[in-house]
Amino acid sequence: MMVEADYCFAADLGGTKLAAAIADTQGRIVAERTEPTDPRGAAHVAEQIAACADKLSQAAGIEVVQARHVMVGIPGAIDPRTGRISLIPNIPGLENFDVRAFLQGRFGTDVAIENDVNLAMLGEHALGCARDCRNAAFLSLGTGAGLGLLIDGRLYRGASGSAGEIADLPIGHEPASKNSPATTFELEVGSSAIVERYQRQGGKDATTVRDIFRLLEQGDDVASAVLDTTARIVAVAVVTLQSLLDLELIVFGGSIGVRPELHDRVRQALTTFSSRPINTAVSQLGDRAGLLGAAWAAGRVPREKHMSPG
Amino acid sequence: MIVRIGDESNNMRALPSLPIAGVSRQLSRRSAFEALLHHSPISRAHLAKVTGLSKQTMSEVIDDFERQGLVRRVGRTRGNVGRTAVLYELSPAGGHVLGIDLGAQQLTVALADIAGRVLAEVHEPTDSRGGTQVIEQIARLADHLAREHHTHLGVIRSIVLATPGVVNPRTGAIEMAPNITGLAHINVVGLLTEKLGSPVVCENDINLALLGEIWHGCAQNVGNVAFLALGTGIGLGLYINDRLVRGENGAAGEIGYLPIGGDPMQAEARAQGCLEYQVGASGVVRRHREAGGSGVESAREVFERAQAGDPLAASVVDETARLTALAAATVIATADPKLLVLGGSVGARPDFADKVARMLVQLSPRPVEIRTSTLGRRAGVVGALSVALRRLHDEFFGVAELTAPLPLPQAAARDTARQ
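Those protein sequences? They're chains A and B, same order as listed. Take 1 as the starting number for the first sequence in the numbering used here and just add one per residue. Take 1001 as the starting number for the second sequence in the numbering used here and just add one per residue.
Derived by calculation from the structure, the hints in this document are not laboratory data.
Here are some of the chain A residues that sit facing chain B, going by a computed Cβ distance under 10 Å:
#, residue
1, C133
2, L149
3, Y156
4, E165
5, L169
6, V236
Keep in mind it's a predicted model, so treat the numbers as computed, not measured. Ideal Cβ positions, reconstructed from N, Cα and C, are used throughout, including at glycine.
Using the sequences provided together with the hints, build the complete structure.
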């Protein structure tokens, strides 16, 4: 049974930033911080997560050892049989580094790792806009594309932990070759694809999608056209998901997915693509969905021992 | 002899309010039945050992079962020393189930007993007039099967109907099934229940074909399976975390509507589903004609010509395989199944399945095991029987929400059941 003094440590590791929090076992955040992800790769990133826990526990006045349950979201697929992490293009070396064992050694407690988009799905299910849903998806669009799936009220991870790794959905142009690290849907709607599309169409100086959204606000036609194209491809993915899984709600998240400018355009495209209504919404928890989901899931570890993939 | 145990089953339904002795008795009956299901023929002593129940309890339960006609004696053990024991097995008279697979081309009806033994099966072309004519046809075949077994429809206690499309739970009509006419505006479930005399449960035909493959076909003991069926139309069944995925409105797996292979905004594509408009049987014939082919009436002929070396037909088949592989790639990326089963009259063709598998390697970076359906056109009716059996078992031996459904006997398990 839980005692009141129990706390959880939750982290959401992304390619560019690391968010971490100490929360109570109900998933309520006590202290929270965000820092840029150490670019030097796996070992440094793992160390950075541990250091984050130290800083947070100092700030909150809670000893790290009291953080009994640790949940770390990572941007990759975790094989439920082997615990092996794969499909992480953004953090060098993480596929061959046992981040879970490292953190268990540091914290002296059990550590669960989970796909970051799955945690965002859990966050929206527990606290956000998918609260009453049994069948929903969290569609994350940012540097890359990912999907968290809730089927019959439970997280669905797939036979090898890579359900929802929709980067390689064959949507858009012909699929990439087998040896290419990035794949099709992501090649069409990932942030670098959007920037490239903008530059190819003769847009002004823009090196990030953020720039493009700013230009859009200033009435830039190319920015508007580029987002229209992107939204149409996203809409194709949404129709695809809906015909496969018949979902109640598809939540848009990730740095690009949360932008209403994109979501509105996708809605517009959907009206022409699909004769059946499809429910979509912008993430209510925004860029904290993954972290809040991790904190909530960490609180469930003592109640549901098998929270780690499987 | 047919023994009706209707009164018994009415008691079962009232179980939650029974005193604990009733629940405990029901659990004993359930355990005994499960052991009989998986280990027949079997003696009382062996049953007691398998279930962990006392010999006394087991004797009472078996006496009960004998009186109700649930079990019958099939001989005696040939012991080395000491007395021999009577061997029991589930009696075919214990209860019957009916499975119906209503396809656009073919209608199959099968009768099985409570132990899952298929007693008779019949199929004929689906009445092309559709609607109530099809209802009449099903009733006629069911009656024929029962008579063939010197019995009547009254012995059938559980009926499951496999249909394309989605059953509207409010009206009992079958929607989104464009290949059979006249089912969208009649109460299919209600009419069939009335004709056959027992409640009919409908389930999507692809889902049932998938359950058929899981019970007796190529997907036994696999927890995550995708079943992709291509024939008159295209559909997907998903079985993940050991459960069917039905979706919010029962429309999961309606992949005919995938935006693959054409412009999803075009009128015909919108109505029939973008992917199905291309790869469904009529799409194959249409694309063959559009490519300059002639003299072809059915998709089957296109496939036969392709196999005989006709380059034009081959190109149509190749494109069909490519689009099917694209659909499979979206399934793999999204649902990450352990096994992909290709079924349906086109999908299960070995030459076609090979093409799909080869193209899938180009399209999907993740390897997945692919098998072709081993039950073929029987998959749907076998799946319907499996669900009908589960429902019958649950009616007789369900204990509120206390226990999971009884596992059905495996096809291969019969030889190895006796330890």
